[in-house]
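Q: Each chain sits in its own coordinate frame; assemble them with the hints.
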Amino acid sequence: MEADTSIHYERARRAYEWGRLETSARRAAMLLVPIGGLGWLLWGAGALVWLPLTLAAWTIAYWRGEAVLRGAWLGLLAGGATFVLPMSLLRPCCVGRVVEAGASCCTMPGMCLGAGAAVGLVLATLVPVSRTSWPKVAGGMALGAASLAMLRCSSLFAGEALGLVGGLLAGLCAASAAKALLRRDATA
Amino acid sequence: METLREADLDALMARLANGDRTAFEALYGALQPRALRLARARLGEDLAPDVAQAALLKVFARASEFVPGRPCLPWFYAVVANEIRGARRRVRATREPKDEDWVDVNDGESQLAARELERALELALDSLDETSANAVAAMLGRVPRPTVRAETFRKRLSRAYGKLRLLLGEHDGS
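Keeping their order, the protein sequence lines are chains A and B. If you count the first sequence from 1, you need to add 93 to reach this note's numbering. If you count the second sequence from 1, you need to add 1 to reach this note's numbering.
By construction, these hints were calculated from the structure, which means they are not laboratory data. Think of the CB as a built atom: it goes at the ideal place given N, C-alpha and C, for glycine as much as any other residue. Among the clues, some could well be false.
Pair by pair, the computed Cβ-Cβ distance ranges are [said to hold, decoys possible]:
#1 123/A to 144/B: 38 to 48 Å
#2 70/B to 133/A: 28 to 38 Å
#3 111/A to 46/B: 26 to 36 Å
#4 138/A to 163/B: 37 to 47 Å
#5 271/A to 87/B: 53 to 63 Å
Pulled out of the complex, with its shape left as it was, chain B reads as follows (with noise of 0.2 Å):
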């Protein structure tokens, strides 16, 4: 189930979001792992699977407001993120980390998670403009920084992390 495509999950969401009931269950099998294997990654065994179920439950509760044709895949990471980084505060916030907090980035799964994780930025990246993709692109040092001046790349980056937000649904800190 999780070997869907990601233009397969794009369709899928697409009909859920329309209201066909039926992409439920195909999708569910679909970002369920996904989930878990990102949280697994990022705060380790106890956690994982209520942060992911949590996660869920926001992306599903959402669902109806996707906007069809655009991918997934971003949309989908940038509200599971949200809610590993609500679940790290709450951990610092009761307690002292301990030794097990510490996951290993280099075991297999995490390196998967990593991977997906940078291919929905590149859809992500995809879906803006050439000047705020170039801008992002700039700013995570893939590509040289255009000759504009300071205050102007800064404003590109500004326009094109409202742009970014918006096309991941204003899930960032909500």
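If we strip away everything but chain A, and leave its shape as in the complex, we get (with noise of 0.2 Å):
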């Protein structure tokens, strides 16, 4: 009797989640329309390759919830800080003469990894986060961060397009940590 009770018991959380798998999916396909429209409007339908990775990081974050889904939700904000960072930031090298010339562009992935990284601290420290939730909550803020800053990697090679993102994510779990930390050495 006692197997079964823990049989059932066990049924019922496997229902939970997969459950809660299908409305999460269900809900980040929601999201997928005005993110996707607006990366088609910014960047041309080369940004909608890279819609089934911000799906699945949605996905992820409705799954999960609670501070996950609280991350993912700011880190959208520092996806959206990638929109607005000029190519003439993250490729420095093309522009002027070069251009000009006809001659084809550099690609520099180091200044995209700092361009992310100084967007991902900035926002990071912007946050509150509290020391028992600080790894769900940047882990949320790095996938929603993501879901974002992909959209803006399709105008971007691969090597610099992996280096904004890293940075990014980077940048968000370092000035978490640090804030965390901080924190705990304040009320110890």
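A: This is the structure we're talking about:
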């Protein structure tokens, strides 16, 4: 009888997780409409290639819920910030005489990494992070930021795109961890 | 566990809907006996455990769609009642009813289930606007029918049912 109860409990728990995953995928799909529309308007149809990854990021965020989802909404702001980063900043050697002469632009993943990290650091310092939930919030922010920044990457080369997203995530995680540690020290 | 108050159940379900898995155990412990009791009261001992379990699977599969702030019990009982109706249909389709299918509605467990159902209906009606709640109450004979034309009353009742269905998560007949 006890074994039956345990089996029933586990089945109900699995039903909850599967149901939640299904609901999360549906909600994430609805979110794709405005995000995809924005990406298409700003960067063209090429940006839509990245939408499956955006869908996956938001499905995970909705599925985990709570702090992860809160973090994802905040991370969306960081992802949005990458939309306003000018190409002259991400690829500074691609200006002036080089372009006028018709030469192909160079790629500068390092600049993208730095720009992404700067945006991530600034955003994470503005976000209230509690001691217990910071890994979840930071993870959520990383998901939310990546979900939008990936669309920006469609206008970049692969190395630059990786640099931008990687820098953003590293900045967010580093600043969130630092804030949580500082708070722990302050309350200890 | 089952003695949790309605407000506690609402809070636990809201937490689970938001993804707080720590609310699951307490909620399962509170809802499982309720589902079993209602299933026993309506179907008898043989079918009750399976039907209660099937209903619980549906409740938890849809827990993420629960709207925090709404009462949990009316929504929960709507799912369980729907599962019981389905089980009855299946039984009728496969065999003739037997004497042992008859459930004594005067036993303690049935009365407790009936009281909880009544309470769940009250909670659902409380969530409606005054006009809709009055229309349903008049239909149930609890208050005098409002002095409006029959067609107007039918429209009010229809709107009230629509709102109730929405409140109960569209489980009626699904």
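Q: If you check each hint against the structure, which ones fail?
A: none
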